[in-house]
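Asker: So you can see what is in the structure, the chains are spelled out below.
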Amino acid sequence: MRISKKAFSFQLQWMRSLVALLLVAGLIGGALIRPAVSLADAKSKKLTEEQRIIHVLNRLGFGARPGDVERVRAMGVDNYINQQLNPEKISDTVAENKIRDLSVLSMSTAELYEKFPQPGQLLKQLQARGVIPDDLAEARENRVKGAKNAAPDQMPAGQMPNDQAKGNQPPQPSAGDPLNNEKYRAAIQEYYRQNGLQQPARIITELQASRILRAVYSERQLQEVMVDFWTNHFNVFAGKGADRWLLPSYDRDTIRPNALGKFSTLLEATAKSPAMLFYLDNFQSVTPNPQRNNGPRRLGPLAELTNQQRRRDQNPMAQPANRQPPAQQRRGINENYARELMELHTLGVDGGYTQKDVQEVARCFTGWTIFQPRGGAAAANYIMGNDAERRNAGTFFFNARAHDDGEKIVLGQKIPAGGGINDGLKVLDILAHHPSTANFVATKLARHFVSDNPSPAFIDRIAATFTKSDGDIRETLRAIFMSPEFNSPEAYRSKIKRPFELVVSAIRTLGAETNGGPGTHQWIARMGEPLYGFQTPNGYSDSAESWVNTGGLLERMNFGLALASNRVQGTRVNLSSVTGTVSRTEVDKAKVMDDSLRTILGGDVSNATREALLKQLDQEMVVSLPGPRTPMDGARTPVDGDRAMAAPTGPPPGNQMDGPPGADGPRRQQQRPRTEANINDPVTKVVGLILGTPEFQRQ
Amino acid sequence: MNRRFFIQSSGVALASFGVSLSAPSFIQRAVLGNTVTGGRRKTLVAIFQRGAVDGLNMVVPFGESSYYDLRPNIAVPKPAGTNADAAINLDGFFGLHPSFSAFKPLWDSKRLAIVHAVGSPDNTRSHFDAQDYMESATPGLKSTSDGWLNRYLQTKADPEKSLFRAVSFTQTMPRVLQGKSPAIAVANLADFTIRAGSSSAKVQGGFEEIYAQNTGDSLAGMGRETFEAVNYLKKVNPAQYKPENGAQYPRNQFGNSLMQIAQLIKAGVGLEVAFTDIGGWDTHVNEGNSRGQLGNLLLTFSNGIAAFYQDLGAHMDDVVLLTMSEFGRTVRENGNRGTDHGHANAMFVVGNSVKGGKVYGQWPGLKSDQLYEGRDLALTTDFRDVFGEIANRHLGNNNLQTMFPGYALSQSKFKNFL
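So the sequence lines, in the order shown, correspond to chains A and B.
For the first sequence, position 435 (counting from the first letter as 1) is numbered 435 according to our numbering, and the numbering increases by one without interruption.
For the second sequence, position 229 (counting from the first letter as 1) is numbered 1229 according to our numbering, and the numbering increases by one without interruption.
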């Protein structure tokens, strides 16, 4: 190969500047996740009004819908913030209508146990009561034999391995999974259909759908952000045992009413929530010395019911021999909740507690338990029409007989003997008002709303507000939103969206319609954040490091493409509403670009991104123009064009969604998302690319 | 900044496009099509058992009467003739849980070593702290910004600039691989591409352009690395893999991860550090003994590793597989027939270069006065001694001080299983 002198020297020069660039890039590479400051404002010390509006819509909510920026500008940013801090005053009929058909949301836990029973558990109960239909009995018999060979000594039916915790994988069907057997499944399905029952997997599918629908459609955006925040702070894993039945109540009765209230109230609500009691094992933490209590004197009606239940559970007819040992032998203290309560819910890991404190706190919470934690025989009683004992299944109660009533010392404070349930309440009070808790909660809020690494001075100020307001979450948030740190260019787009935030904000920004069903759940899960799917109690990370990696970034781009090309099941976007009228002439090309960018990113993108996108549109024009179609068609109706390629069973675009989410239960959940999106339309391509830009990954 | 130099097929060095700004994308693509990468090299496969596996039921000290005294319901019985529920005798004192029958041939052929009473000197019983410490390899120090495997990468040159030098088969990048040196986190190799049907190539080109041009944003570097890896992987063709030697991986995420690691090793892409994890070990309730919850999980665990060993065949000459878990569990069973958070634990080391067939480490005993804080298996080997020995003797990294800051690690502390 010959290289002319001139070309060679050019090459050298090019190489030299490349070396310089490499050095610069090396410096940048050191601080991997650096906030991007858009070129136009790199020098200015303040956000423009437009940027502040976008910032507020991104952080107090899940990004702007078409028209939101104008609405907030018209009412004033501070007024908007105030409005969001008082969600109870915001009318929210659109979102309420969207979730109206999600039946699990309004059901009590007892009803969920009745209507969404675990098949194996239900059949066992029916058999014990002699009311199992013959065909089901046979199918069950066959399956039990098969399961014995496959996985000896399985957990009792209806129970997942009791603590799936501490890994980050979704639960996997065990060898004894009833759904592995076709015949059995068919018999069950038919029985469920006849009796108006549904599979338990449907519960979390609907709950996830409600979270997505509310995040997309609710006017109470900050409320939804805080529900997400506290759901992570007080994480509960749906895959652990009975928690799937307990989570709807957790969302409705524990988290939502307290999301902007007093931290102490929220904390107590979580401590008493069956979901948390089950997740962190406290429901079975009992004193090893029950004789210290004068048992019967303290028995409430619920405890009496429990004893009835226990007697029945010990009936050999109701239980196979290899089931759990009798209750009396299972007694013991469990420290799991006590530790996580201090480490993750209140004080923080360096908050100043010892192993001894963990043990003492665990003693205080003995007896905080759940009535019929796995639903007892709720489903069978429902089918048989027995109303008497089923209404309280899965609710909190304090079992005085299981409580260690001796004196305890927690964080240096004496808790006198004989306190009963007040021991735990006293612990919660100590913890909620501890300075370490103020610091820990302030740190997490600051990290969520301002930046991954908030300054200690800022955290101190927020913690002071938290303390002064007696842990008032609303006032603490107000202090954050009004702070210079929150409103600084450094904070603007400094947070990497988590997958849930990315999916919801993308749907919002395009003005898309969604049913919040499995199509969206699967994408969120693929990007690494399945809702209610985090096994360990620390919840999902709120720092960019955890979310920016090559695999994750690729899935984000693929999601953007799938959404733009209407390949996210149950979600429909009409791109002509994003870009306006499209033509393929030189003149309008830049307009398409800019309309799309304005809609999706408020027009605030780097020149590099804009140039690169424009080039893509250019290339697309060149490829498309010689085609048989006139320049106008195809481009004008991108949705129609894409619909033609959709699977025949695909839903039509527009408001008609493909039925309630998860209609066919766990099977659909296991399907991989339909991800092959043919991107032949230039507008679709540009929108897909914009959703995959670095700018859109940030908020 | 010494990332990636690509060589054109003609052999003319062109330039590094790892962070190139001005090279037209078509040149980039042409060059990427001829990436020089990888080759055969030493590989560490690290497996994290998240949730603290009960090491005492995994590698059973059946020679200790205290073990049976403290675990009336969940102990694994002593080896006894043909009893399939009994421990698998290793050396007359230790035995493997009966779920580990697939490990017996590895033990007998001395490819499997065990280190017992090993773990973190920090006394935390928090999963998250303990995992953090084991991954950062700085027990007690949370401010460490990177994981020890990343520091391993940082401190050993990679002249071949492999794109797949460090791969974690997890949805998100684990702490152990976080840091300055590039690494890939991916759950499933087949999905590691832009999926846009017939227009995939064009769309990918668009993204590449955006991320190549967008130097004002720190995400851009990640984007460029992503596409380099995507382009390379196309040639490996992960969808077409068939395990060899009759290996049968468990059909779950864990088995799938191990199979893909085997695939990358065989493909010669320059894999040096592979990581994956498996959860579900936090057996506070109904742990089971020879059978039950723990036994079922150990079955998946050991069958997966045995399949990996079988599949790789002679490739195991270059591979060391190491298992770890954040801490052990209480010696005494709790009131729920489970075990609570404890202290020291056991690790497996598998490979053809391993001096196997031996349980390494000093055994501290299980009598009450021998227990750590009166309840847990005491620690006699710091986990960093094990990590360091593999990084040094297997992978050839001598920078023990940089990999394990604040710890005076030298070869004299190695257990000499390599």
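Read the hints as simulated data drawn from the structure, not as lab findings.
Just so you know, not all the hints are guaranteed correct.
[Unchecked claim] Derived pair list, reagent style DSBU-like, types lysine-lysine, alpha-carbon separation capped at 30 Å:
(1) Lys1156(B) x Lys1355(B)
(2) Lys1413(B) x Lys444(A)
(3) Lys1413(B) x Lys1156(B)
(4) Lys1235(B) x Lys615(A)
(5) Lys615(A) x Lys1202(B)
(6) Lys591(A) x Lys1358(B)
(7) Lys1413(B) x Lys615(A)
(8) Lys1234(B) x Lys1266(B)
(9) Lys356(A) x Lys1367(B)
(10) Lys1367(B) x Lys1266(B)
(11) Lys45(A) x Lys262(A)
[What the hints assert, rightly or not] Label pairs and their computed distance ranges (CB to CB):
(12) Gly1406(B) x Gln359(A): 27 to 35 Å
(13) Arg598(A) x Ser1198(B): 50 to 58 Å
(14) Asp135(A) x Asn1188(B): 50 to 58 Å
[To be verified] Some chain A residues flagged as far from chain B (calculated, every beta-carbon gap over 12 Å):
(15) Asn79
(16) Glu88
(17) Pro288
(18) Glu343
(19) Gly406
(20) Ala525
(21) Pro530
(22) Asn549
(23) Gly688
From the three backbone atoms N, C-alpha and C, an ideal C-beta is built for every residue, glycine too.
Asker: Determine for every hint whether it applies to the structure shown.
Answerer: So, going through the hints one by one against the coordinates:
{"no.": "1", "hint": "Lys1156(B) x Lys1355(B)", "verdict": "holds (25 Å)"}
{"no.": "2", "hint": "Lys1413(B) x Lys444(A)", "verdict": "violated (40 Å)"}
{"no.": "3", "hint": "Lys1413(B) x Lys1156(B)", "verdict": "holds (21 Å)"}
{"no.": "4", "hint": "Lys1235(B) x Lys615(A)", "verdict": "holds (28 Å)"}
{"no.": "5", "hint": "Lys615(A) x Lys1202(B)", "verdict": "holds (12 Å)"}
{"no.": "6", "hint": "Lys591(A) x Lys1358(B)", "verdict": "violated (72 Å)"}
{"no.": "7", "hint": "Lys1413(B) x Lys615(A)", "verdict": "violated (59 Å)"}
{"no.": "8", "hint": "Lys1234(B) x Lys1266(B)", "verdict": "holds (15 Å)"}
{"no.": "9", "hint": "Lys356(A) x Lys1367(B)", "verdict": "holds (22 Å)"}
{"no.": "10", "hint": "Lys1367(B) x Lys1266(B)", "verdict": "violated (47 Å)"}
{"no.": "11", "hint": "Lys45(A) x Lys262(A)", "verdict": "violated (35 Å)"}
{"no.": "12", "hint": "Gly1406(B) x Gln359(A): 27 to 35 Å", "verdict": "holds (30 Å)"}
{"no.": "13", "hint": "Arg598(A) x Ser1198(B): 50 to 58 Å", "verdict": "violated (30 Å)"}
{"no.": "14", "hint": "Asp135(A) x Asn1188(B): 50 to 58 Å", "verdict": "violated (39 Å)"}
{"no.": "15", "hint": "Asn79", "verdict": "holds (32 Å)"}
{"no.": "16", "hint": "Glu88", "verdict": "holds (35 Å)"}
{"no.": "17", "hint": "Pro288", "verdict": "violated (6 Å)"}
{"no.": "18", "hint": "Glu343", "verdict": "violated (6 Å)"}
{"no.": "19", "hint": "Gly406", "verdict": "holds (17 Å)"}
{"no.": "20", "hint": "Ala525", "verdict": "violated (8 Å)"}
{"no.": "21", "hint": "Pro530", "verdict": "violated (9 Å)"}
{"no.": "22", "hint": "Asn549", "verdict": "violated (4 Å)"}
{"no.": "23", "hint": "Gly688", "verdict": "violated (7 Å)"}
Checked against the numbered hints above, the structure breaks hints 2, 6, 7, 10, 11, 13, 14, 17, 18, 20, 21, 22 and 23 and satisfies the rest.
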